[in-house]
Amino acid sequence: MKKSIGDNMIPKDWGFDRGLDLIKKAGFDGIELWLGDVPWFQMSTTDAQVRDLRRRVESAGLVVSNVSTGLHWASPLSARDPAVRTQASRIVERQIETATLLGTDAILVVAGLVTEEVPYNEVYQRCVDALKQLGEKAARAGVKIGCENCNSEQRFLLSPREFGQFLSDINSPAVGLHLDVGNIHDTGFAEQWIEIHGPKITRIHLKDVLKHRGRCGDQSVYTNLFLGDNNWPAIRSALTKVGYDGWLIAEMEARYRYAPDQQFFDTAQGMDRLISGRF
Amino acid sequence: MGMTRREFLSYGVAAGAMRAGVPLSPPLRASPTCCWIVSPVPGQCSLPESARGYRAALPPRGAMAPAGEPCSLLIIPALVCFDRHLVVWIDRALQRGATVIVESGAAFAADSSFRDHRRALRQGLQLDVHAPVDLWAERSGRIPYIDYSWPHRTRVRDFSRVVPVGKQRGEVIAWQGDVPVALKRRVGQGTLIYLGSPLGPALWAGDAEARRWLHAIALNDRV
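Protein chains in written order, with the working numbering: chain R, 896 to 1174; chain Z, 418 to 640.
One or more of the hints may lead you astray.
[Said to hold, decoys possible] Computed beta-carbon distance windows for the label pairs:
1. 1028(R) - 636(Z): 32 to 40 angstroms
2. 937(R) - 528(Z): 22 to 30 angstroms
3. 633(Z) - 1027(R): 16 to 24 angstroms
4. 556(Z) - 1093(R): 36 to 44 angstroms
5. 487(Z) - 937(R): 53 to 61 angstroms
6. 633(Z) - 1081(R): 17 to 25 angstroms
7. 528(Z) - 1068(R): 37 to 45 angstroms
8. 913(R) - 528(Z): 42 to 50 angstroms
9. 998(R) - 569(Z): 57 to 65 angstroms
10. 1064(R) - 530(Z): 27 to 35 angstroms
[Said to hold, decoys possible] Examples of chain R residues lying across from chain Z (beta carbon under 10 angstroms, computed):
11. 977
12. 979
13. 1012
14. 1013
15. 1019
16. 1020
17. 1021
Bear in mind the hints are in silico, worked out from the structure with no lab data behind them. For glycine and all other residues, C-beta sits at the position ideal for the given N, C-alpha and C.
Next up, chain Z with everything else stripped away, as it sits in the complex (with noise of 0.2 angstroms):
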């Protein structure tokens, strides 16, 4: 991507200032010891409603960490490339004992950046997923919800097309039918969670199950 680490840090936002969704569930009140950073990856803009929604449904203030700060709770909305920095910063967050949400962009991407997505995902954070998949190729009359598992059951609209994740360590807590859609793992004293059917549209639409389950793990630092 051409940047330094500091460069990278500098796009993190501090502040969350969007308050595009409707609120259909309760404002979420951070605990003293709850912090949150939500950062898009400078120089893609493959879903940028992602990063509102997410920045929408937390609390837009006080809360929230600057970028680069020690925080429980990380997320990568949207994402598609990414490099050695990046994963740094992850698995720093996560030897301190956050949970850091990776949310695939790539669902979207063109095959050449969906190679690189996949390549980064096993070499970076040993994560594997396969290539996407077009819930709505064949019209079946039926909403294809992602559904989740953990941390409470709970049923989410789809975002048209999903990144399966591979048969790895860790558990699989969302399912699109029969088709695994989202990994948890625990790594040094934290959790990464990858989701491959993107969260934040929904949250930014407004979406009461999708808030709720993100407020569940944002409140819970030890998941």
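Next up, chain R with everything else stripped away, as it sits in the complex (with noise of 0.2 angstroms):
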């Protein structure tokens, strides 16, 4: 397994060449780039500044692991309005166009997005609808969309079973899970997740959470390897039996408020010893 970490966790005033330094002296492989995130990397970013931004990595001695974007939370391809969905639709086509010119095969979606206002049965369908045509698209760029499990902020998609049945309705060989360990929380088990998807997991985002946490023990917050609740030996048998051979991506949603670039090199050790084994 090769470790990333996301270019949206590079300090705002690092830039993003001294950003890729820090995460080879800490020890990644790859580098996975948020659309829309980071100014180096927007949606009026041209195909030559992409190419420019891949040479930069490579340069840098890593490459790029997968494109990721949160621009589907303020633009969900379930939106009702149809500007907002055309809107959504253009950025997956976007991540499927970089992601061709920064030589990776794999893009994050957030696939949908259940509010007061947008029901689950309409979300559902519009998402399947959605992803059918652009995994057409993702297929013919060599491209696999990964939605990925954003359990509690979706309110969507909430059990292993019920994601296996949106992937089989999408029916798509270019459509599969991003699995995220730490967005499970307590609706199920990571490892579960790992060895109901297996094969149709398009790649990792590793982060723990602590659940049950805050004065009446009613929150859960997303926290470093090994210091939450996520049963990480289980997580990595489970890996170990589907054969899981991918990207594990680093995905710290807490961030260290001194020494920022510290964060990189103890995750990036945290994570080798998961794919070590040794617990």
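Grab the two chains, each in its own frame, and use the hints to assemble them into the complex.
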């Protein structure tokens, strides 16, 4: 397995190249590029500029592990407004295009967003419909769309069997699961998601989660590896069971308040320990 | 729109194929005298799921008439812009005694498209509508359901925005709060129904009450 980390983790005042140096020095093999989340990679970034990003990544001794985006939180594929939906599809298309330019074969999509206003059944149908079409485009480009399990935030596809039905309804070999082992919280166990979805997993986000914290025990909070309640030995065993040998991508939502570069080294070492299977 | 009537009619959908919705209500059995056409206006894809919703809710085959043929129920889903060819078709269907459902797709349209929509409705079908209302602009904690009073009382999820109907000839058949959002009117031998809140997306999502509402109309050719 190979280690990657998002470019949105790079401290804001560092810049892309200094961030790449840090990621390489910390021991990562690759970098996850977040479309729309960082100044150097926006929807308006041209193809030539994207090629230059790839050149800089490779000059630093890294490769691009995948293309992610947070833009779908504001422009979901499940929106009722056709104009928003068109923009959401355009974002996925741009992810596919840039993935090809960056030499990677995977993108992350937050598929749908259930809200008070837009109910579950609508979101489900609209996402299946959109991803059938986008899956065809991804297949032609040789790229896989990984739909992320943002269980609590999306209020959508809460169980692994339901997620499996969703992928089955889309019925595209180019659409799979981008699994985030920290997002499952109280709705299940990451190791079971890995066992159930196995070959349909396109990439894996790593972070830990502290369940039932806060004064009233009613909050889950994200944290660094091994500080939370994920069962890491079980997760590692499940990865071995299904033969997952792809990218592990650190997505640390809680940031070090001081010495932000230290978090890169600590995270890389934690990932090495996970990969080694020594607990 | 730059097309002939023949071209327009050729876009009419003669056979439903989509079975997207979860069958939350019993399947509809068509009577021999009952047939329908779901015909989105070509070139405008404002709410593609709306046409799919109607097709999924109506029987997939057998009772659907070829486009342009006489039918007991004609549905124009998610309508924004249209021309005189459509008006002629609607009027002919009404004169033959059909029920025609014109579903507005203009609530999300740009201002200029909505103005065209309103003008075309007024000139072509003598329907008066008001500017779209965003039902979720103020978060009240309440779900703004659409309450239908005809053909039976029922309640269906809103679709975020509605096109209210103005005071005019005909009977208001649905309300969102105190805002009238659907109207029916006898025209010739038939009945014209204007829906200011799209029903198709709810049908597509498998909404049981929306299906019962449509079935009640589809099965009764003398509404």
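Results for each hint:
Checked against the hint of 32 to 40 angstroms, the pair residue 1028(R) and residue 636(Z) passes, with Cβ atoms roughly 34 angstroms apart. Distance hint for residue 937(R) and residue 528(Z): a CB-CB separation of about 28 angstroms, consistent with the stated range 22 to 30 angstroms. Separation of residue 633(Z) from residue 1027(R) is about 32 angstroms and departs from the stated range, judged on CB atoms against 16 to 24 angstroms. One distance hint, 36 to 44 angstroms for the beta-carbon pair residue 556(Z) and residue 1093(R), holds here, with the actual separation near 42 angstroms.
The supplied range of 53 to 61 angstroms is met by residue 487(Z) and residue 937(R), whose beta-carbon atoms lie about 55 angstroms from each other. At about 43 angstroms, the CB distance of residue 633(Z) to residue 1081(R) disagrees with the hint of 17 to 25 angstroms. Evaluation of the 37 to 45 angstroms hint for residue 528(Z) and residue 1068(R) yields a pass: the beta carbon distance comes to about 43 angstroms. A hinted range of 42 to 50 angstroms for the beta carbons of residue 913(R) and residue 528(Z) is consistent with their spacing of about 47 angstroms.
A hinted range of 57 to 65 angstroms for the beta carbons of residue 998(R) and residue 569(Z) is consistent with their spacing of about 60 angstroms. Separation of residue 1064(R) from residue 530(Z) is about 33 angstroms and conforms to the stated range, judged on CB atoms against 27 to 35 angstroms. Against a cut-off of 10 angstroms between C-beta atoms, the interface hint on residue 977(R) holds, since the closest Cβ of chain Z lies about 5 angstroms away. With a least beta-carbon distance of about 9 angstroms to chain Z, the hint placing residue 979(R) at the interface is held under the 10 angstroms criterion.
This hint holds: residue 1012(R) has a C-beta 5 angstroms from the nearest C-beta of chain Z, less than the 10 angstroms allowed. Hint on residue 1013(R) holds. Least Cβ distance to chain Z is approximately 8 angstroms, under the 10 angstroms limit. Hint status for residue 1019(R): holds, given a least beta-carbon distance of 8 angstroms to chain Z, under 10 angstroms. The closest approach between the C-beta of residue 1020(R) and any C-beta of chain Z is roughly 6 angstroms, which is under the 10 angstroms cut-off, so the hint is satisfied.
For residue 1021(R), the shortest C-beta to C-beta distance to chain Z is roughly 7 angstroms, which falls under 10 angstroms, so the interface hint holds.
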